[in-house]
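Protein chains in written order, with the working numbering: chain V, 10 to 665; chain B, 834 to 1159.
Quick list of in silico lysine to aspartate or glutamate cross-link-like pairs, EDC-like style, CA-CA up to 20 Å:
{"hint": "1", "chain 1": "B", "residue 1": "Lys1034", "chain 2": "V", "residue 2": "Glu617"}
{"hint": "2", "chain 1": "V", "residue 1": "Lys476", "chain 2": "V", "residue 2": "Asp490"}
{"hint": "3", "chain 1": "B", "residue 1": "Lys1098", "chain 2": "V", "residue 2": "Asp658"}
{"hint": "4", "chain 1": "B", "residue 1": "Lys1037", "chain 2": "V", "residue 2": "Glu617"}
{"hint": "5", "chain 1": "V", "residue 1": "Lys224", "chain 2": "V", "residue 2": "Glu186"}
{"hint": "6", "chain 1": "B", "residue 1": "Lys1098", "chain 2": "V", "residue 2": "Asp597"}
{"hint": "7", "chain 1": "V", "residue 1": "Lys244", "chain 2": "V", "residue 2": "Glu230"}
Hints listed in this document are in silico derivations from the structure and should not be mistaken for laboratory results. Keep in mind the model is a prediction, meaning the values are calculated, not measured.
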Amino acid sequence: MERKSTERIGVFVCHCGRNIAETVDVERVTEEIGEHPSVVFSEHYDYMCSQPGQDMVRDAIKNHSLTSIVVAACSPTLHEKTFRDVVEKAGMNRYKCEIANIREQDSWVHTDKEEATAKALRITRSIVEKVRGNRELSPIEVDLHKRALIIGGGIAGMQASLDIANAGHQVVLVEREATIGGHVAKLAETFPTLDCASCILTPRMSEVANHPNIKLIVNAEVVDVEGYVGNFRVKILKKASYIDADACNLCAKCEGVCPENVLSGFDEYLSFRKAIYIPFPQAVPSTYTIDTEACLNPEGMKAVICSKCRDVCEADAINYDRSSEMIEEQAGVIVVATGYQLYAPENIGEYGAGKYPDIITSLQFERLLAPNGPTSGTPRRPSDGKIPKKLAFIHCAGSRDENHNDYCSSICCMYSSKQALLFHEHYPDSEIYNFYIDLRASGKNYEQFIKRVQDEGINYIRGKVSKIFEQDGKVTVFGIDTLKGERIEDQFDMAVLALSMVAPAGIRDLATKLGISYDDYGWISEEHPKLRPVETPTAGIFVAGVAHGPKDIQTTVAQASGAASKVLDMLSHDVITHLPTVARVERDACSACRLCVSVCPYSAITIEDGAASVNEALCEGGGLCAAICPSGAIELTNMTGIQMMSMIDAVSEEPR
Amino acid sequence: MKKARLAVGYGSICGGCDVAFTDVGTELVDLAELVDIVYWPAVVDGKIEQLKKISDIDIGIYFGAVRTEHHELVLRLLDEKSKILVAFGTCPCYGGIPALGNVETSDSLLQTAYSEAPNTTNDGIPGLRKLKRQTMEVPRLKAFISAPSDLVNFDVFVPGCPPPVQSVSKLIDLIRDYSAGDPIPEMHFIAEETSVCDFCKREKPEVISIDRIMRIHEVEFNEDECFLSQGILCMGPVTRAGCGEEPRCIQKNMPCRGCFGPLPKVRDQGTKFLSSIASSIVLGKEKNMSDEDLQHLVKKQVLDPVGQFYRFALAVAAFNRRYTGD
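Please construct the entire structure, taking both the sequences and the accompanying hints into account.
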């Protein structure tokens, strides 16, 4: 139907098959919205997003000289882009196209057809009011610094760095520890293929070390981030490195003379190392490092009490006069790949870890299995160095437990089974029990792997363990076998806790500096769980690996490559376009009360010359400033106060 | 020069505006030379019949809000007969204090006043009908209180509860200019265009985050620092400046109450303030608090939200009265 009007709005109502049409009378919506004074054309169709549907929009714009359109369909997060592309091809400004969400906000959540139809009409009318006030806009263009900053040098950060560097772009890789490699470097073998972990990891590490496009900064943390997509300015605090990495020839003489012994973090505190050390032989960068907390010389080498390592160093690589430095780097994009840490076993008092030596963590057991571990791969128990005969693996230690972490850590079923298998292969006479709640083995070939472990003769007992303690040199486990309905009280030589993965210390701080959000657990939030899993809501910042939530190595690597491809997409342009729907300040009306500055999560507002000023490249159009502005001096482009009031009037108007 | 004819009409008033007007002192003599006062209940005569008879008013000034039918009649007569119509005080501009009565229905207000109040012995209540006693007639309450500015178009607005002396001086200057034949700008406000914060000399921190809402007697506050950042609710950010070179309440160490009404681009002062405050409370720390804690924070410390946020501009707010079903 066509009517006469100066404003020429077209409305297209989608059936979405039965998704909308079942609960909303789309014909009636089409007919009634057609009576709106500004609507000159309205039509409905089975699937507006299909090619014939898109053609219908295109043709209507031409045939009826439409000035703007509204598509009443699904959420704008899905097809807003589709239809904006269509109208742009038809010669209409893309910001004159709006989506009225009558599916997620209406048909899917209601059952009464009469009411749902009335609501669909209200929603559509309000969007017609919005589009009436929309201005034609063009995207804001921002310069792009063609360089990527990767935070975290674990398997995720390494993969992302290599993918980006191999495509020819510069990468800065920042790692908190003295070496890259992350947790994977500590593992013995990986499930389900039982690849030797360091065999698959170390070639990657040396590739990172030798790549001309990768600048590696270890012993360093990101302390400040300024700027915005395309133009981040990052301050990195690099701890003083008293050893010249290029000069160090790994002769190990320094290690021999160093008088200070400390527990090795790399070996999960199962062995000792010196204050001057290399975490493991294949560490990258390949150099010794001084642990300043353990070194006899006071913090910052303010005084030299002991100089044995320097005295013995033939390569002259050691210099105590160096200090921490603040490195400033520029980058166009940032990837957060900060990984995880294990849940502190002390938090689960009833499981006795930390109190009894033979109740250990899964990573400690992994070190005991590893050929480069403290026992050279012979898994001896910490208390007396004997090889245990009877082992208990406790799944979900801290996971899927509302008293600790209510999520599933996703990999514990698999690695506990793997550890059981590796142990059993060495010691076929051993007796091994896995205490589990459910076995989660949904990855490729994972279920087959579990079957293989079970066939090996390893026992699985379904039920949560209530208490673990040591008595008379034996580890006693209280639990329940829920399949048999029996209480269990059994003695073991050793128990391994599959502790949950938790967000690493400092991640919330880092996220705040980056202006990205995290969930209740500290995992970095993605923009959309299905469609934008590696993007954060802040443009130009991506997430990869366990920083985003627990996952296994293969998913981590896949996600890191995903993040890298998003980075490459961005770096392939010379300029970045930014949404023009940003906040605007009417400077004369501003009283510089600073409330907007305080509330903006993107730090996009500053006070300049007595009035607020918005950095368009930083503004994500969130609208908090517009809501908070007590003077009404800030308005969101294409969502002004006038538009909002007319939309409210439209939704509150009684339908005829 | 021909003297201008001045009339002052009353709505629901407290009398404060009369006092404030005369507070201008010797300038009243200037005013007397400029104008003939043809109607002003407190000064010359106040019978409605008198106002009905008068024609050719140059300057009509209205005090108060519209509570009764009589108030509306006075307003309409002034509007009809005056060349320049002035809203004097916060009540004609935004409804003012009387509009707080809109949180109740007129019926229940009468019920309380005539029947439930402890010192009344009335058998019944007058209700909303007219009361006639001999020649006297008590006007009927309207269903709710309106801001006169919503009923007629004023030319000049003089906000303030009451307006300060310098506003009265400026009004007299305006009358002088008008008498001399100068045009008066449309919708002219004798006030500033920006907020109280713009004129406040207190120091504002970089980030304004309120950890706990405090009432003024509960805390020993810093006299040089922004009230809001110390947790004391100050209406300064949402209130027009103009009450003094340094805002008059803040200068006396009290937070702004908001009597100059909303800023030029804002209609609903209270809601705007709520929206501003809601975003500043425990800024950045919300994630560590439960919804109950957050609600408690506001409910416990803001005992009278309508009185606190909508004290002077409830009549022009988006939700401005108790819903009565019609």
